[in-house]
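Trainee: Sequence:
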Amino acid sequence: MSKLRNHRTNARRTALATTGAAALLALLTACNGTASGSVSADGGTAAPAAGDSTAAAGSTGGSGSGSSGSGSANGGSASGGSSGTGTSSGSSATGGSSASGGSSSGGSSATGSVAACQASQLSYSWADPGSGTGQQKHAVVAFTNKSGHSCTMYGFPGVDLVNSGQQWSLQRTNATPRRVTLASGASANVTITFLVPAQDDSATFTPTTVVVTAPNQRTSYDLPWHGGAVVLQDGATHPGTYISPVGE
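If you're matching positions, the sequence shown starts at 56 in this note's numbering and goes up one per residue.
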């Protein structure tokens, strides 16, 4: 009886051992049939294990490393191969164009530039000698354009009162000059303001000639003086005898 019990106990142990061995064998077989690998990726997906034909999709700008499989792709996909590391990178493109243009003007434009009147293109004459009231009188010199085309005058002329022994260069007023355009045959005036002597004025000057120089010119022209004696103030800071700009 004791032998029978021992036989049954051994049989159970053998059966349990056989069952355990079979289970262990099945577990090992299952483990060996699965590929193992670990992948760490920052911004991408893992590469597949060796022998797997499935492609791994990469994300733009991401990188990953795996225990098996390597590849690189532009556009974001990678396929596995031999052991190594893989990187997937996307590409970005910015289309369009930019252009900067300056300003342009079409057509034609012309700014008429009229030349200055030259001394040889002008004639000189008295326009209104002897006008005025009281001691202060006016003599007006006319510049006439004889060139046959338009010209301009701007500024003050030179005016000297002259006799046989003296020459007095007249001062200018504080008036602002303006540009005057003379058509052919047109005239522009300059006013000479002068003081005639009073009974108690001892310093007098009697010119015989007025020497006139057109603005910005060097050639002078002589006109006879018809205004008589004037008060001599050639050393005064603000004399009563002076000239205006052209056009006044």
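Think of the hints as simulated: they come from the structure by calculation, not from any bench.
Be aware that one or more of the hints could be misleading.
[Stated by the list, open to error] Just the calculated beta-carbon pair ranges, DEER-fashion:
no. : residue 1 : residue 2 : range
1   : 204       : 292       : 16 to 22 Å
2   : 258       : 189       : 26 to 32 Å
3   : 218       : 191       : 27 to 33 Å
4   : 254       : 175       : 24 to 30 Å
5   : 233       : 258       : 16 to 22 Å
6   : 279       : 187       : 17 to 23 Å
7   : 197       : 227       : 15 to 21 Å
8   : 175       : 236       : 35 to 41 Å
9   : 204       : 244       : 28 to 34 Å
10  : 173       : 255       : 43 to 49 Å
11  : 218       : 291       : 14 to 20 Å
12  : 261       : 203       : 24 to 30 Å
13  : 261       : 204       : 15 to 21 Å
14  : 218       : 175       : 23 to 29 Å
Note that the structure is predicted; figures quoted are calculated from it, not measured.
Don't be surprised by glycine CBs; every beta carbon is placed ideally from N, CA and C.
Trainee: Are the hints correct? Go through all of them and say.
Mentor: Okay, the hints, checked on the actual structure:
1. 204 <-> 292: 16 to 22 Å: Violated - the Cβ-Cβ distance for residue 204 and residue 292, about 42 Å, lies outside 16 to 22 Å.
2. 258 <-> 189: 26 to 32 Å: Violated, since residue 258 and residue 189 (Cβ atoms, about 19 Å apart) do not stay within the stated range.
3. 218 <-> 191: 27 to 33 Å: This hint is violated: roughly 21 Å between Cβ atoms.
4. 254 <-> 175: 24 to 30 Å: violated, 45 Å
5. 233 <-> 258: 16 to 22 Å: Once the Cβ atoms are compared, 35 Å apart, the range 16 to 22 Å for residue 258 and residue 233 is violated.
6. 279 <-> 187: 17 to 23 Å: Holds: the Cβ-Cβ distance is about 19 Å, inside 17 to 23 Å.
7. 197 <-> 227: 15 to 21 Å: holds, 19 Å
8. 175 <-> 236: 35 to 41 Å: Violated: the Cβ-Cβ distance is about 18 Å, outside 35 to 41 Å.
9. 204 <-> 244: 28 to 34 Å: violated, 21 Å
10. 173 <-> 255: 43 to 49 Å: For residue 173 and residue 255 the Cβ distance comes to about 46 Å; the hint holds.
11. 218 <-> 291: 14 to 20 Å: holds, 19 Å
12. 261 <-> 203: 24 to 30 Å: For residue 261 and residue 203 the Cβ distance comes to about 39 Å; the hint is violated.
13. 261 <-> 204: 15 to 21 Å: Since residue 261 and residue 204 have Cβ atoms about 40 Å apart, the given range 15 to 21 Å is violated.
14. 218 <-> 175: 23 to 29 Å: Once the Cβ atoms are compared, 27 Å apart, the range 23 to 29 Å for residue 175 and residue 218 holds.
Checked against the numbered hints given earlier, the structure breaks hints 1, 2, 3, 4, 5, 8, 9, 12, 13 and satisfies all the rest.
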